[in-house]
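Colleague: As a plain string of letters, each chain reads:
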Amino acid sequence: MQKNTKLGPAKIALLLLAIVLVAAWIFPLWNVAVSSTKSLPGYANSKPWAFARGENPIVQFGKNVQRAIQGSQRGNGIRPALFNSLLYSVTGSVIAIACAALAAFSLACLRVRGRFFFFLLLFSGTVFPLQVYLIPLFTLFQKTNLYDTKIALILVYIAICIPFCVFLLRNWFLDVPLEIYEATKIDGASDLQAFRLIFVPLSKAPFAALFLFQFTWIWNDYIFGTTFARSGTTRSIMALLAAQQNMYSSMGTPAILASAIFVSIPTLFLVIFFRNTFFKGMALQFSGSSK
Amino acid sequence: MDKVKPYLFLLPALLFVGFFLVYPAFMTFSVSFTEWNGINVSKMVGFDNFRFLFSDPAFWKSFYNTIFWVVGSLVFPVTLGLFAALMLYSLPGERLFKVIIFMPYALSGVVIAIVWSYMYKFEGAINTILAGFIDKRHLQPWLQIVPINTLAMIITYGWRMTGTNMVLFSVGMLAIPDEPIEAARIEGASYFQILRKVIIPMLASTTAVVVVMAIINSLNIFDIIWIMTQGGPYRSSATLGVNMYFESFLNFNFGHGAANATVLSVIVMAASVFYIRVIFKKREIGS
Amino acid sequence: MRRVLFLALVVLIVGGAPSVLFAQAGSEDLVFINDNPPFEAANASMGAWIKDRIGIGFVPESYPDLSTYQTTLRQSLLSSNTAPDFFKWWSNFRIKPLVDEGLLEDVSDIWAEGVKSGVWPKTVSGEVTFKGKQYAIPYHYSHWGVIYNKKVFQELGITIPKTWDQFIAACEKIKASDRAPICMTLEGRWQSTLWWSEVIMKTDADLYLGLVSGKIKFSDPAALKAMEKWVALSKYYPKDMTLPWMETYPNVVSGKYAMTLLGDWLFTSMAAIGADLDTDIGWFPVPSITPKGNGFVLEISPIAIPKNSPNKERTKKLFREWMTLDGQKQWVKTFSESSPAGGGLVPDKAVYQSIKNAGLFGTKVRYMPRWYEAVPVPLCEYTMDKFAEVMLDSSKLKQVMKDIDDYRAKMK
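Going line by line, the protein sequences match chains A, B and C. Counting in the working numbering, the first sequence runs without a single skipped number right up to 291 at its last residue. Counting in the working numbering, the second sequence runs without a single skipped number right up to 1287 at its last residue. Counting in the working numbering, the third sequence runs without a single skipped number right up to 2412 at its last residue.
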């Protein structure tokens, strides 16, 4: 659909409306950002969106973040949790994408018998509520002595990411012109070579998009992180954030809000600076998507 | 060997998903027919758990809340997403506006719940603003008032999801061909007529995807509700997913929880079947 | 370049993995699993102290989330691969399922020593005793009473109430000064049981015990009459009861709320945000409503050793040392809570002295189990929500109590 960028009166009205909408969208984040720059008494005595009088917001924000980091005490602090989340997010996405690419290739190009059934099986992973997996997985990890280990969480995250990646990559591979695949067969290439040499290099864009999607999902996960990880060495960053809201905690609201901002920085960075990759990736969910 | 090779491609994915997703789902399904508290020996009790569930007021409350959520997430984030996509299309600054509305996608459920809980407090930002418009005596701690608390949480959820829907609709709009619109314009149709008769019908397949995804996601909502109200006060804002968590992890009655999860899964599967058929219809190589 | 990165990733996972990925928190110190991250420093210090004494120490590992903690810890008791050395739990009905499944180590001998040596009164072990044997030792030991802001009382000329009528009069005065007299929130759900149980046990301690055991129905006329005084307190709660607990008690310190009913473990948190426990905060017991209302809530959160504990004998030695008089003195000092050992040990602040002066460490006090542990878990969770319903709409009292009776009857 053609884009008409002339600036008529109707457009100006829409522009004003858009500004209002966007302001409403930023408002909650503005509140949090401002509140995180206040000290505890300053927070109690000021309006939510206004800075506290007589306080230096930057200094106070630094103090709150420091409190948030220390508040997690004795080595079970924020650094291990950050490392864990980074580890889970990167390895989970990369390995899931690799497995999914192989599977999507076979479903889209290799005319596998029963491909609808396999697709259904793989896709079922996106459908059920996560609670369905909690207790059985917990028991499984306990019996195999993998409970509270990093590998357990990585395996779970890989498994939960595969279905969506298969779905997207299958759509993408189906859009590859038939002639290219046939050409590789004529040249005598095996399926694996066709996959490695043709399909994978063609898929940089969806791979990038999927990496961003899954990284964000795993980084933001709360439910698996709290159920399968117990100690500080295994815990993810969102579990740590939840811990700071614990009943006996004396951190105070501004510090918690500072913490919430702090742990969101990586994914916010990704969304803002790689937005086009995100948007293009979302386009891949449709058949006949524009290329 | 040639016949087996294609299946080898599938193997890694199937192993992961089979082991860690499909098998546990079956286990949960079978637990729903037992009485088990996690540490004792489980006992088969047939349909007792389901009987309990269907006679439990808390279950039915959570069922109606779930429907409330599904309807709410169709009315609010989906239509607002469509509206935003239409409004921002070819507006100056479109890119910036879109990023801002999409940004909540980056935040985790925990962060979003924290951000909005603080806004809904009695002395929070929402009431501070409302105080400028309505009588102070009408102000309440909104998360405490039934059923406004669910509505408040749907607004929170909408803040999170509208961006995603907007992007999907935008993608759909890019794919709409120019000819029908030009033709309608030549015939003297107004913008709204074009909108109704050309643009929206051509967004049908996009809308189908957005709607079904919205339904599935809203059925599975958990962390926002759990962190904002724990399904309270007195279980009034719980949905089926929250109720399942409650029975399993607070009452330690995994039989009840599993039965609850089974009911929820059946509903979600029914909603997804339509979606799966639509997306699988895509033409395949060689067919 | 991409191939190199990919290879690096593989090497990282395969090569570096086993030590990093399979590592569980291992140390030669015993590991104490609990759900209180804010108390880690105190726990670690106690562990170091005991290590100095007997060469066996412990380090704390804290879960952030209550329901996750309760679920995963229960499951972990089932095998020696996952069972902790020792862990913190709740008493009575909350620990009973663990005892029933034979998952806990019998520590009656440690208690017997403590009682014989005169350090421990016999009456304290009730909440961890099942069929005559004890299965845990005290960790938290808290008396429950009213914690109040001294400056607010001074400003309004209120003296410590000794009767219920004086208490209500104080609430009225505080309410008139545009403050919330009683701190309350429903955010954690358990708070709804606090004043309900307190009002009943201060009306008639036996009525409370009857409701606990199920001998008296919730819709019993005497019970309903007693509950009316509880319902009458609703107007003294703050308007916003959705605040997280962490945001409510600072309001008692700041004077926005005047009083709160809680265990003495709150003092540590208050001190951490700057309250002076000698001059800012005070304590008094909830006054009796009738002479028969002489029950006092005693909260004992215990620590227990799983049967599958990996270092059982060493952990038992640790427990023994913890239960000695010196151990209790050190614990009181480190953790800033009280202990019934040695005639009643309290930290050195005025506010704790008030508890001792109220005679609550005597052996003649009628201790009541806290509602959270006193009844089976599903019933407790059910009542938490139902009490909240009445707190938000007092006209529902009769209907709700009938619902609770029906629920109890349906439970096995």
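None of these hints come from the bench; they were simulated from the model. Just so it is clear, the structure is predicted and the values come from calculations on it, not from any experiment. Here a beta-carbon is modelled for each residue, glycine too, at the ideal position from N, C-alpha and C. Careful: at least some of the hints might be erroneous.
Claimed, not checked - Label pairs and their computed distance ranges (CB to CB):
no.	chain 1	residue 1	chain 2	residue 2	range
1	A	PRO201	B	PHE1133	55 to 61 Å
2	A	PRO57	B	SER1090	51 to 57 Å
3	C	ASN2081	A	ALA183	52 to 58 Å
4	C	SER2234	B	SER1090	27 to 33 Å
5	C	ASP2278	B	ILE1148	42 to 48 Å
6	B	LEU1011	A	PRO177	24 to 30 Å
7	A	PHE51	B	PRO1201	47 to 53 Å
8	A	GLY54	C	GLY2255	17 to 23 Å
9	B	ILE1067	A	PHE274	35 to 41 Å
10	B	LEU1174	A	TRP49	34 to 40 Å
11	B	LEU1174	A	LEU178	21 to 27 Å
12	A	LEU86	C	ASN2081	34 to 40 Å
13	B	ILE1148	A	PRO41	53 to 59 Å
14	A	ALA23	B	LEU1174	22 to 28 Å
Colleague: Each hint: holds or not?
Modeller: Tested hints:
1. Checked against the hint of 55 to 61 Å, the C-beta distance between PRO201(A) and PHE1133(B) comes to roughly 58 Å, which is consistent with it.
2. At roughly 38 Å, the beta carbons of PRO57(A) and SER1090(B) sit outside the given window of 51 to 57 Å.
3. Restraint check, ASN2081(C) to ALA183(A): a C-beta distance of roughly 55 Å satisfies the suggested window 52 to 58 Å.
4. About 57 Å separates the C-beta atoms of SER2234(C) and SER1090(B), a value inconsistent with the hinted range of 27 to 33 Å.
5. A hinted range of 42 to 48 Å holds for the C-beta pair ASP2278(C) and ILE1148(B), which are about 44 Å apart.
6. Evaluation of the 24 to 30 Å hint for LEU1011(B) and PRO177(A) yields a pass: the beta carbon distance comes to about 27 Å.
7. With their beta carbons about 50 Å apart, PHE51(A) and PRO1201(B) fall inside the hinted range of 47 to 53 Å.
8. About 21 Å separates the C-beta atoms of GLY54(A) and GLY2255(C), a value consistent with the hinted range of 17 to 23 Å.
9. Roughly 37 Å separates the CB atoms of ILE1067(B) and PHE274(A), a value that falls within the hinted 35 to 41 Å.
10. In this structure the hint that LEU1174(B) and TRP49(A) lie 34 to 40 Å apart at CB holds, the actual value being about 36 Å.
11. Range check, LEU1174(B) to LEU178(A): Cβ separation about 25 Å, and the 21 to 27 Å hint holds.
12. Distance hint check for LEU86(A) and ASN2081(C): the Cβ-Cβ separation is about 28 Å, which falls outside the suggested range of 34 to 40 Å.
13. Checked against the hint of 53 to 59 Å, the pair ILE1148(B) and PRO41(A) fails, with Cβ atoms roughly 31 Å apart.
14. Here the CB-CB span from ALA23(A) to LEU1174(B) is close to 26 Å, well matched to the stated 22 to 28 Å.
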